[in-house]
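Peer 1: Chain by chain, the residues run as shown.
Number of protein chains: 2
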Amino acid sequence: MPEQPEVVWHHTRIQPEDRAAALGQRPVVVWLTGLSGSGKSTLANALEHALHERGHHSFLLDGDNIRHGLNRDLDLSPEGRRENIRRIGEVARLLLDAGLIVVTAFISPYRDDRAQVRNTVGEARFLEVHVRAGLAACEQRDPKGLYARARRGEIQHMTGIDDPYEPPHAPELTIDTEAQGVAAGAAQLLEALRERGAV
Amino acid sequence: MPEQPEVVWHHTRIQPEDRAAALGQRPVVVWLTGLSGSGKSTLANALEHALHERGHHSFLLDGDNIRHGLNRDLDLSPEGRRENIRRIGEVARLLLDAGLIVVTAFISPYRDDRAQVRNTVGEARFLEVHVRAGLAACEQRDPKGLYARARRGEIQHMTGIDDPYEPPHAPELTIDTEAQGVAAGAAQLLEALRERGAV
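Quick note, the sequences are listed as chains F and A, same order.
According to this note's numbering, the first sequence is numbered sequentially starting from 1.
According to this note's numbering, the second sequence is numbered sequentially starting from 1001.
Since the hints were made in silico from the structure, they are not lab data.
Values in this document were obtained by computation on a predicted structure and should not be read as measured data.
Cβ coordinates follow ideal geometry from the N, Cα and C atoms, glycine included.
There may be inaccurate statements among the hints.
To be clear about the criterion: a stretch of chain A counts as covered by chain F if any three or more of its residues have a C-beta under 8 Å from a C-beta of chain F, and this derived list gives those stretches [unchecked claim]:
hint : stretch
1    : 1012-1025
2    : 1143-1154
3    : 1173-1180
Derived, one-sided and incomplete: chain F residues facing chain A with beta-carbon distance under 7 Å [as the list claims (entries may be wrong)]:
hint : residue
4    : Arg13
5    : Glu48
6    : His52
7    : Gly63
8    : His68
9    : Gly69
10   : Leu70
11   : Leu74
12   : Leu76
13   : Glu90
14   : Tyr110
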């Protein structure tokens, strides 16, 4: 066995505050909610780059790393959507406890589910952001071609078409992506994180 | 609206390599497996302190932050245990992609389930560690009083009593907690992380 470095045994557990302090930031989850095509992913990536360039440590949860991994057993039924958001909220809590700033980009159409996440991660760490664009604009953008498929009846449970979207009553922030561009929206998000003392 | 800092829009996504580089480490999951009472949590906490003191960024997944959160809907049946480990593996993957060194402390009794996690996170990022102590020693330690309750028939599905434990055939490391103390075990783990180039 190679020579061993000295390790001191601690009985205690490293605390979330310790992890955040070591990273020089105060963890917050930026929870982006809105219709498909509203601009959540674009804003999320722009915010992540802005944070990264400023030396902060964040992580993005979105369909790309959740749907085919942790939540691959869930469908788009109301129950499946609810469990989808519950698990994402629990993972966000773990990432926050690890000291990271978390950005999420999910339609998350139901008010109650978002309220449950707020409760899971704690009010002080939850920044609900309504990424707003009208259905007509989202349908025109249709970056994944989902609206077209839903209109042709090829897919069901499309939020805005045959499933409801419940906009937040009192989000911490609203970003209107019909009225302003990505850079301005990302700057708003960064400013909101500054006001919270996160960065 | 307050004056906005300039934000440059990137179309790309921040990659796992970028996150790891920003944290100055190479992410690995230290997967501790062994009987209840074998010393997994104690070793995990000792390793975390050693990493923290050396300026590294890690996160611990264990019963305390998983059982009553993400996996509170699961029972101790073989199917429940399998899904428990699957989800923990998926969360470990996300934490690794976030750049963190991950330490897990779960009995994880089934070989197939651990092999699935190895596959999920990728061979190069998986360090399977058998935390070994005989059943007699574990039962004598019985830190949670679970063996006593199992012997009295008050709880079922106790690994080692009425549920099997499948030890790893070829773990990256075995730590015998009957033969050596916590500090020596944590030092072995740290050395293994050094050999991997993680720290």
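Peer 1: If a hint holds in the structure, say so; if it doesn't, say that too.
Peer 2: Now the hints, each set against the structure:
Counting residues of the stretch 1012-1025 of chain A whose C-beta sits closer than 8 Å to any C-beta of chain F gives 7, which meets the bar of three, so the coverage hint holds. Here the stretch 1143-1154 of chain A counts 0 residues with a CB under 8 Å from a CB of chain F, which misses the bar of 3, and the coverage is violated. Counting residues of the stretch 1173-1180 of chain A whose beta-carbon sits less than 8 Å from any beta-carbon of chain F gives 0, not enough to reach three: the coverage restraint is violated. The restraint placing Arg13 (chain F) at the interface with chain A holds, with a minimum CB-CB distance near 6 Å, inside the 7 Å limit.
Checking Glu48 (chain F) against chain A by beta carbon gives a least distance of about 5 Å; that is within 7 Å, so the hint holds. Here the hint on His52 (chain F) is kept, as its CB sits about 6 Å from the closest CB of chain A, short of 7 Å. Below 7 Å, beta-carbon pairs count as interface contacts, and Gly63 (chain F) has none with chain A, the closest being about 12 Å; its hint is therefore violated. Look at His68 (chain F): its Cβ only gets to about 10 Å from chain A, farther than 7 Å, so that hint breaks.
Using the Cβ-Cβ criterion of 7 Å, the hint placing Gly69 (chain F) at the interface with chain A is satisfied: the shortest such distance is roughly 5 Å. A distance limit of 7 Å between C-beta atoms decides the matter here; for Leu70 (chain F) the minimum to chain A is near 4 Å, and the interface restraint holds. Of the supplied interface hints, the one on Leu74 (chain F) is violated, with its beta-carbon coming no nearer than about 12 Å to a beta-carbon of chain A, more than 7 Å. Hint on Leu76 (chain F) is violated. Least Cβ distance to chain A is approximately 19 Å, over the 7 Å limit.
For the restraint placing Glu90 (chain F) at the interface with chain A, the shortest Cβ-Cβ distance is roughly 4 Å, inside the 7 Å limit, so the hint holds. A hinted interface residue such as Tyr110 (chain F) counts as satisfied when its beta carbon comes closer than 7 Å to some beta carbon of chain A; here the least separation is about 18 Å, so the hint is violated.
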